[in-house]
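Going down the list, the sequences are from chains D and V. So the first sequence is numbered by full-length UniProt numbering: it starts at 1 and just counts up by one. So the second sequence is numbered by full-length UniProt numbering: it starts at 1 and just counts up by one.
Don't read these hints as lab results, they were simulated from the structure. For every residue, glycine included, the Cβ atom is placed at its ideal position computed from N, Cα and C. Don't take each hint at face value.
Label pairs and their in silico Cβ distance ranges [claimed, not checked]:
{"id": "1", "chain 1": "V", "residue 1": "Trp47", "chain 2": "D", "residue 2": "Glu514", "range": "29 to 35 Å"}
{"id": "2", "chain 1": "V", "residue 1": "Ala169", "chain 2": "D", "residue 2": "Glu323", "range": "30 to 36 Å"}
{"id": "3", "chain 1": "V", "residue 1": "Ala169", "chain 2": "D", "residue 2": "Tyr328", "range": "22 to 28 Å"}
Covered stretches of chain V (in silico footprint by chain D; criterion: 3 or more residues with CB under 8 Å from a CB of chain D, positions within the stretch not fixed) [what the hints assert, rightly or not]:
{"id": "4", "stretch": "37 to 44"}
{"id": "5", "stretch": "55 to 61"}
Far from chain D, some chain V residues (derived; all Cβ distances over 10 Å) [unchecked claim]:
{"id": "6", "residue": "Cys86"}
{"id": "7", "residue": "Leu108"}
{"id": "8", "residue": "Leu133"}
{"id": "9", "residue": "Glu156"}
{"id": "10", "residue": "Arg213"}
{"id": "11", "residue": "Thr236"}
{"id": "12", "residue": "Arg258"}
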Amino acid sequence: MTELERHSYDVVVIGAGGAGLRAAIEAHEQGLRTAVVCKSLFGKAHTVMAEGGIAAAMGNVNSRDSWQVHFRDTMRGGKFLNNWRMAELHAKEAPDRVWELETYGALFDRTGDGRISQRNFGGHEYPRLAHVGDRTGLELIRSLQQKIVALQQADRREHGDYEARLRVFAECTVTELLLDSPEPGQAGPAQTGPGQDTGATPPRVAGAFAYWRESGRFVVFEAPAVVLATGGIGKSFKVTSNSWEYTGDGHALALRAGASLINMEFVQFHPTGMVWPPSVKGILVTESVRGDGGVLRNSEGRRFMFDYIPEVFKDKYADNEDEADRWYTDPDNNRRPPELLPRDEVARAINAEVKAGRGTEHGGVFLDVSTRMSADEIIRRLPSMHHQFKELADVDITAEPMEVGPTCHYVMGGVEVDPDTAASRVPGLFAAGEVAGGMHGSNRLGGNSLSDLLVFGRRAGLGAADYVTALRDRPRVTEQVLAQAERTALAPFANLAGAGPAADQENPYTLHLELQQVMNDLVGIIRRGAEMAQALDRLDELKRRAEHVAVEGHRQFNPGWHLALDLRNMLLVSECVARSALRRTESRGGHTRDDYPRMDPRWRRKLLVCTADGAGVEVAERPQEPMRPDLVDLFEFTELQKYLTGEELAAGGAERAAGRSATEHPGERS
Amino acid sequence: MTASTTSPTDQTTSGSRGTTPPVPEGAVAVTVKIRRFNPEVDPEPYWQSFEVPALPTDRVLNLLHYVKWYLDGTLTFRRSCAHGICGSDAMKINGVNRLACKVLMKDLFAGDGKQTTVTIEPIKGLPVHKDLLVDMEPFFEAFRAVKPYLIAYGNEPTRERLQSQADRARFDDTTKCILCACCTTSCPVYWTEGSYFGPAAIVNAHRFIFDSRDEGAEERLDILNDVDGVWRCRTTFNCTDACPRGIQVTKAIQEVKRALLFRRT
Numbered sequence: 001m002t003e004l005e006r007h008s009y010d011v012v013v014i015g016a017g018g019a020g021l022r023a024a025i026e027a028h029e030q031g032l033r034t035a036v037v038c039k040s041l042f043g044k045a046h047t048v049m050a051e052g053g054i055a056a057a058m059g060n061v062n063s064r065d066s067w068q069v070h071f072r073d074t075m076r077g078g079k080f081l082n083n084w085r086m087a088e089l090h091a092k093e094a095p096d097r098v099w100e101l102e103t104y105g106a107l108f109d110r111t112g113d114g115r116i117s118q119r120n121f122g123g124h125e126y127p128r129l130a131h132v133g134d135r136t137g138l139e140l141i142r143s144l145q146q147k148i149v150a151l152q153q154a155d156r157r158e159h160g161d162y163e164a165r166l167r168v169f170a171e172c173t174v175t176e177l178l179l180d181s182p183e184p185g186q187a188g189p190a191q192t193g194p195g196q197d198t199g200a201t202p203p204r205v206a207g208a209f210a211y212w213r214e215s216g217r218f219v220v221f222e223a224p225a226v227v228l229a230t231g232g233i234g235k236s237f238k239v240t241s242n243s244w245e246y247t248g249d250g251h252a253l254a255l256r257a258g259a260s261l262i263n264m265e266f267v268q269f270h271p272t273g274m275v276w277p278p279s280v281k282g283i284l285v286t287e288s289v290r291g292d293g294g295v296l297r298n299s300e301g302r303r304f305m306f307d308y309i310p311e312v313f314k315d316k317y318a319d320n321e322d323e324a325d326r327w328y329t330d331p332d333n334n335r336r337p338p339e340l341l342p343r344d345e346v347a348r349a350i351n352a353e354v355k356a357g358r359g360t361e362h363g364g365v366f367l368d369v370s371t372r373m374s375a376d377e378i379i380r381r382l383p384s385m386h387h388q389f390k391e392l393a394d395v396d397i398t399a400e401p402m403e404v405g406p407t408c409h410y411v412m413g414g415v416e417v418d419p420d421t422a423a424s425r426v427p428g429l430f431a432a433g434e435v436a437g438g439m440h441g442s443n444r445l446g447g448n449s450l451s452d453l454l455v456f457g458r459r460a461g462l463g464a465a466d467y468v469t470a471l472r473d474r475p476r477v478t479e480q481v482l483a484q485a486e487r488t489a490l491a492p493f494a495n496l497a498g499a500g501p502a503a504d505q506e507n508p509y510t511l512h513l514e515l516q517q518v519m520n521d522l523v524g525i526i527r528r529g530a531e532m533a534q535a536l537d538r539l540d541e542l543k544r545r546a547e548h549v550a551v552e553g554h555r556q557f558n559p560g561w562h563l564a565l566d567l568r569n570m571l572l573v574s575e576c577v578a579r580s581a582l583r584r585t586e587s588r589g590g591h592t593r594d595d596y597p598r599m600d601p602r603w604r605r606k607l608l609v610c611t612a613d614g615a616g617v618e619v620a621e622r623p624q625e626p627m628r629p630d631l632v633d634l635f636e637f638t639e640l641q642k643y644l645t646g647e648e649l650a651a652g653g654a655e656r657a658a659g660r661s662a663t664e665h666p667g668e669r670s
Numbered sequence: 001m002t003a004s005t006t007s008p009t010d011q012t013t014s015g016s017r018g019t020t021p022p023v024p025e026g027a028v029a030v031t032v033k034i035r036r037f038n039p040e041v042d043p044e045p046y047w048q049s050f051e052v053p054a055l056p057t058d059r060v061l062n063l064l065h066y067v068k069w070y071l072d073g074t075l076t077f078r079r080s081c082a083h084g085i086c087g088s089d090a091m092k093i094n095g096v097n098r099l100a101c102k103v104l105m106k107d108l109f110a111g112d113g114k115q116t117t118v119t120i121e122p123i124k125g126l127p128v129h130k131d132l133l134v135d136m137e138p139f140f141e142a143f144r145a146v147k148p149y150l151i152a153y154g155n156e157p158t159r160e161r162l163q164s165q166a167d168r169a170r171f172d173d174t175t176k177c178i179l180c181a182c183c184t185t186s187c188p189v190y191w192t193e194g195s196y197f198g199p200a201a202i203v204n205a206h207r208f209i210f211d212s213r214d215e216g217a218e219e220r221l222d223i224l225n226d227v228d229g230v231w232r233c234r235t236t237f238n239c240t241d242a243c244p245r246g247i248q249v250t251k252a253i254q255e256v257k258r259a260l261l262f263r264r265t
């Protein structure tokens, strides 16, 4: 084996989006030597594409807002499948994280009295999203990037080196997590990871194996703690708003290291992606367009969302245009417009309209602001959207409606973590942001992602720091493990050099396109049992063919090779999505089945947990933790009846009767 | 300098083995002429041409993807979000700095039925690593040198710092920067004097100098008063023209110059 570049850190964060950078800042502030490893240039993460804002119940625009209301909205949006402890922490801590970001220097739009302004968004009862025009994600990343530059310059003054305590390894891709197997009795501190087997000491995280995209050379990070913050999986689907980085790396790394994924059947299709021209299909049209008054119409000119208000939301959403329009100026005395229903509802409605033949020429529906606001106001409130349509589609949104349709946007599923520490069941492995599962249940509300990144990014950094500080011995990386990681990474070159006939060699780009087509057509927004079974067969075949992926050229910045390695992750994660989706025989949030169209309260009590052994993905059912009684009490009984089984409702009543209160067992898991 | 042309049906050249997709209706065959360089094998950069079908609504990025996916899998360039927010795909397209994801082919087609040629080169003034990919480190070094973070003294507030809408609007333009380097690598001064901070760094200093919450303006102005600072600017306006976000870059530089002239000493 050639000489490897080696680095040793206390905490390695994989991913430099909002969650990764916030985790790195926290680990650094806890005094630990920290590395951030990311596939793109520093500051170009997918987070930059978030447009709407950061959901936080600061109450700056409507003082009736509170963490309790935010918690309720989040649980409703996720159809009560959320990990309620995560939803609680998120709602309680989001305001502090926004204010903290402001002290880092983040720019925000302001209220008349100079406080951070907040805007309306789908599923949020009050104006709650702190924002900067429609470029909030960009500002969030830039603020965290600037904070890191500030920390590095302070480190230089103290230690003489910018990178003494915090270094960013940009354009560097991790291909494998490295584990050690400690001697019995040598294990680290007990980690409160979920679903841990008792008995045998599980292998601990010892580091990560990566390659520099530029040189193709390998690099080893030795570290007792790794925080996954790699984002989502959208590049497995054909029509997506996600950028190239979203190949499910963290999900796959976690699985291969022995961690579990939950909720993988729940994939959010954002209702409003661009549908025309083909070259920009899937690119996002921010939900703020609807929050600020934009309406959806079909080809007959009808505001069709009034026809799609589900029973559970009937008391919150207006059933006529007059009331809906009054809400923008008088939200206290009117119900909300149905265009602001949670994303899963709107996406399904658009899909149904198009299917019924009432779509636009290019297979979408109309989203119109041109008849709702003056041109000046549109340009002021939605500058990026105005620009995006003008430049990419030659459409002036101040004069004509946009054509929109659903696009794969976000995966609710991810690494199963402890809510308080973000620890997975693999000691030393943590996850935050989109790569973590649970927080959003079956469907995420817009705006809850940026707040999720900040709240759980910080908690993951803290969790990792606490874990490392309590360790008695550092895990070791063996040469054997490294040699294996290197062989796996070089396989696509070996396949080309191997004796196999050229006809057996597979092109990574072709396989990727086929995978995207399979996931889009067979495990997409509306699912059927037979199609998903077919998808699993196709995935099996693609997996076999992927073993013969061959790439030409050298290791220096070779995009074909990079894709070949990403493909392995996408295939594994796609299998998780398809297997879980086939298993869950109901419709809920980001999982809609034509053959099981109803939400089933019995399924609310079950989580589907994915694990992987060498051969493939296993899916198991696990009962959902019952919600803490004080949180149950935040809801009206009539609302709970819509989601919970009779048995659960009775049990909840019994607990309250027994007088157990939240303060006696905060955050208790069992 | 060598040149070669690869047609979509020619599968023998180095590259991907996939079959090309059917040519969409309304597509025109255009020549994409790319400045190639692989330091492992090429003594110097050279031009290579590809024939690619293009729709008027395609962007230059779509054409580059076509080349990479179907004609030559080794073609190297950066891209990420693909709609002008992340700032990864800055390149020189027909001689001017643009983001490949924001240039529509309809604006590049040659008139009168003539063959369209699109030339694509790496942005100028930064070392080329491979093909269209340049070393961005000197660019980020200049960015870091202007202290691009909020400097404030005294106790941190428990909630937000207050800022009026007018104060917030004062520096709105320069907060739109996506650090793509289009401006800096369009600047003739930067081409000849790599030590010049360049427009992007000044824009990011401006963003804090004019932020009512910030107390570090004097430190930054000292840095920009340096021999490699704002006085190097010759107001050629290349940077303003190149900015894909429409930032008035030259104006921002002038505002920093003015702040230096009229600063309280």
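How the hints compare with the structure:
1. The supplied range of 29 to 35 Å is met by V/Trp47 and D/Glu514, whose beta-carbon atoms lie about 33 Å from each other.
2. With their beta carbons about 34 Å apart, V/Ala169 and D/Glu323 fall inside the hinted range of 30 to 36 Å.
3. Taking the beta carbon of each, V/Ala169 and D/Tyr328 are about 24 Å apart, inside 22 to 28 Å as hinted.
4. Check result for the stretch 37 to 44 of chain V against chain D: holds, 4 residues qualifying (beta carbon to beta carbon below 8 Å, three or more required).
5. Interface restraint, the stretch 55 to 61 of chain V with chain D: holds (4 residues with C-beta to C-beta distance below 8 Å; minimum three).
6. With a minimum CB-CB distance of about 4 Å to chain D, V/Cys86 fails to clear the 10 Å threshold, and the non-interface call is violated.
7. The non-interface label for V/Leu108 is consistent with chain D: the shortest C-beta to C-beta separation is roughly 14 Å, beyond 10 Å.
8. Not every beta carbon of chain D lies more than 10 Å from that of V/Leu133, the smallest distance being close to 6 Å; the non-interface claim is violated.
9. Residue-level check failed: V/Glu156 sits 5 Å from the nearest beta carbon of chain D, not beyond 10 Å.
10. Remark: the non-interface label on V/Arg213 conflicts with the geometry, its nearest Cβ contact in chain D lying 7 Å away (cut-off 10 Å).
11. With a least CB separation of 25 Å from chain D, V/Thr236 remains clear of the 10 Å interface cut-off, as annotated.
12. Taking the minimum C-beta to C-beta distance to chain D, about 22 Å, the non-interface status of V/Arg258 holds against the 10 Å cut.
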